[in-house]
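Enquirer: Sequence:
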Amino acid sequence: MTLSGLDPIGLIAECESKISSIDAEIATTQFPPVIATLQSLRASGRNKLGELNYLSSPLRVLPVEMLAGIFLFAVTAAYDPEDVIVPHAAVLSEVCHYWRQIALSLPSLWSALTIGVVDGPTEKYIDAIRVWLTRSLQLPLSIALISDLDEEEPGSAVINEIVGVKNRLESLTIAGSYSLAMTPLFADKLPVLQTLRLESGVDLSWLEEEAIEAIDLSAIAPHLRDVTFMEYLPGLHNNVSLPKLTHLEFSVDVDDILAILRQAQNLEQLRIHAFSLHFLDFDDNSDTFNQPQLEAVALPNLSHFTLISTTDETLALFQCLAFPALRSFSMDLESGGRSWVWDREKFAFFQGQSPHIQHVEFSNTSLSSADLEYLLRLSPELRSLTLNYCEGSIDDVLVNALEYDESNAQPLAPCLDVIAWRNSGFAKDAAIKRMLLSRCPAAGSSSKVARLKKVSIRRGLGPYSKVNDAAFIAQMEASLDQFHLS
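All letters in the sequence shown, in the order written, are residues 866 to 1351 by this note's numbering.
Incorrect hints may have been included.
Unchecked claim - Below, a list of computed lysine-lysine pairs in the PhoX-like style, where the Cα atoms sit at most 25 Å apart: (1) Lys1054 x Lys989; (2) Lys1318 x Lys1293; (3) Lys1293 x Lys1319; (4) Lys989 x Lys913; (5) Lys1318 x Lys1298; (6) Lys1109 x Lys1031; (7) Lys1298 x Lys1313; (8) Lys1031 x Lys1054; (9) Lys1298 x Lys1319; (10) Lys913 x Lys883.
To be verified - Derived Cβ-Cβ restraints for the label pairs, each shown as a range: (11) Asn1253 x Gln1128: 29 to 35 Å; (12) Asn1104 x Val960: 17 to 23 Å; (13) Leu1142 x Val1057: 32 to 38 Å; (14) Pro1005 x Arg1192: 28 to 34 Å; (15) Pro1279 x Glu881: 24 to 30 Å; (16) Lys1313 x Val1262: 32 to 38 Å; (17) Ala1084 x Arg1242: 33 to 39 Å; (18) Glu1210 x Asn1253: 23 to 29 Å; (19) Ala1315 x Glu1210: 25 to 31 Å; (20) Ser970 x Glu1246: 43 to 49 Å; (21) Ala1315 x Ile874: 43 to 49 Å; (22) Ala1315 x Ala1295: 22 to 28 Å; (23) Arg1242 x Asp1081: 46 to 52 Å; (24) Asn1104 x Glu1133: 38 to 44 Å.
For the record, the hints were derived by calculation from the structure and aren't laboratory data.
Built from N, CA and C at the ideal position, the CB exists for glycine as well.
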């Protein structure tokens, strides 16, 4: 049954009118045979009405591309090592015949694939991969290879299937242990590859020094823009066309950071995992970042910067960075960072060169409340402040400084609307309540600070770790999009 060339709304209205007329007749008829006939007609009318409503549903007239987009938007992908393939398209095709036809008609649904590389894959396993790749037609592919195997050359049959479609590889993620089975992927050109991720845990023993020098990614993948190297590969870094990259995540010796960034002038997003090799060189007393007249590295397009470090040498890095377009900054010094001396002046230089930061996250730093207040005064556009395990950053003095006072012409962090503090010091309940209430102005007020939207303060164990003011909590929960205080 279709509605081609018909007015569905008119048909539905006509059917509903007939059912109403039958209901009226049933109510006024006293003869059982007539009532039975009318009830049968009413049941038939209701069935027809149901069909009309179904066929006139917007779902039935949406383009299949839009339906597929809605489906993919609603589905959250998660790699399950028990599954061979994360079955986005397969799930859709199993809903019903109609949805299966949609799935099979859209090659874009089959263009993303996560493969778990197993020991001795069966022919059925390989066939499933082939079917999936065939259904993607000639579209660019996004493939993730996941393996936890320890054998010397696991998954060769799977890798061979991927090599067969390497000319369509737009995104390639490799995570796990692969050894020599991976080399065919880099033996020839990857003409459309834009994203390459070698995730943490990849066994790179197959990349001997000579092999690293031979893999020239700038030639093999001329369109590479997004790169992740979670293992330290100095030779491989040198073979990437850094000026072409817009996204870069890599592990690096702290002494090499500036040299790499000077070549990567078009970066938009940067994530650095820094460490120091100085402990291996007892005769090296150089200080990379404190050389006289060291020129700052400017990345004019960088909007997101994350620094994860295991060495306090990175703190001096900030006097050498200029990111004028930076909007989001995150720093994690891991467990050792809590004992390192924070360099307020060097970070102030960095803020001066990056004046438009809106989102800041610190984890495991030694920031004192005075350091944090100083930082906030240099960040007038800051919208969100996240602190994780920054012991000593939050106290009554800092919270009182954040409390909005109408008489203050220049309030601290006037744009702040998201607060997320976890195990980063203690402030009394009274101080926190006053600060939060002062930053929840009534609609239409002339407040000089933004209204808070999300607040999550978890102080951990301590003298102020329990909040008993139910009325205050209820008020905050009603005022904010998200609220937690403990």
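Enquirer: Against each hint, give a clear statement of whether it holds in the structure.
Expert: Now for the hints, and whether the structure bears them out:
no., hint, result
1, Lys1054 x Lys989, "violated (29 Å)"
2, Lys1318 x Lys1293, "holds (22 Å)"
3, Lys1293 x Lys1319, "holds (20 Å)"
4, Lys989 x Lys913, "violated (45 Å)"
5, Lys1318 x Lys1298, "holds (15 Å)"
6, Lys1109 x Lys1031, "holds (21 Å)"
7, Lys1298 x Lys1313, "holds (19 Å)"
8, Lys1031 x Lys1054, "holds (8 Å)"
9, Lys1298 x Lys1319, "holds (15 Å)"
10, Lys913 x Lys883, "holds (11 Å)"
11, Asn1253 x Gln1128: 29 to 35 Å, "holds (32 Å)"
12, Asn1104 x Val960: 17 to 23 Å, "violated (46 Å)"
13, Leu1142 x Val1057: 32 to 38 Å, "holds (36 Å)"
14, Pro1005 x Arg1192: 28 to 34 Å, "holds (29 Å)"
15, Pro1279 x Glu881: 24 to 30 Å, "violated (57 Å)"
16, Lys1313 x Val1262: 32 to 38 Å, "violated (21 Å)"
17, Ala1084 x Arg1242: 33 to 39 Å, "violated (49 Å)"
18, Glu1210 x Asn1253: 23 to 29 Å, "holds (24 Å)"
19, Ala1315 x Glu1210: 25 to 31 Å, "holds (29 Å)"
20, Ser970 x Glu1246: 43 to 49 Å, "holds (47 Å)"
21, Ala1315 x Ile874: 43 to 49 Å, "holds (46 Å)"
22, Ala1315 x Ala1295: 22 to 28 Å, "holds (23 Å)"
23, Arg1242 x Asp1081: 46 to 52 Å, "holds (48 Å)"
24, Asn1104 x Glu1133: 38 to 44 Å, "violated (22 Å)"
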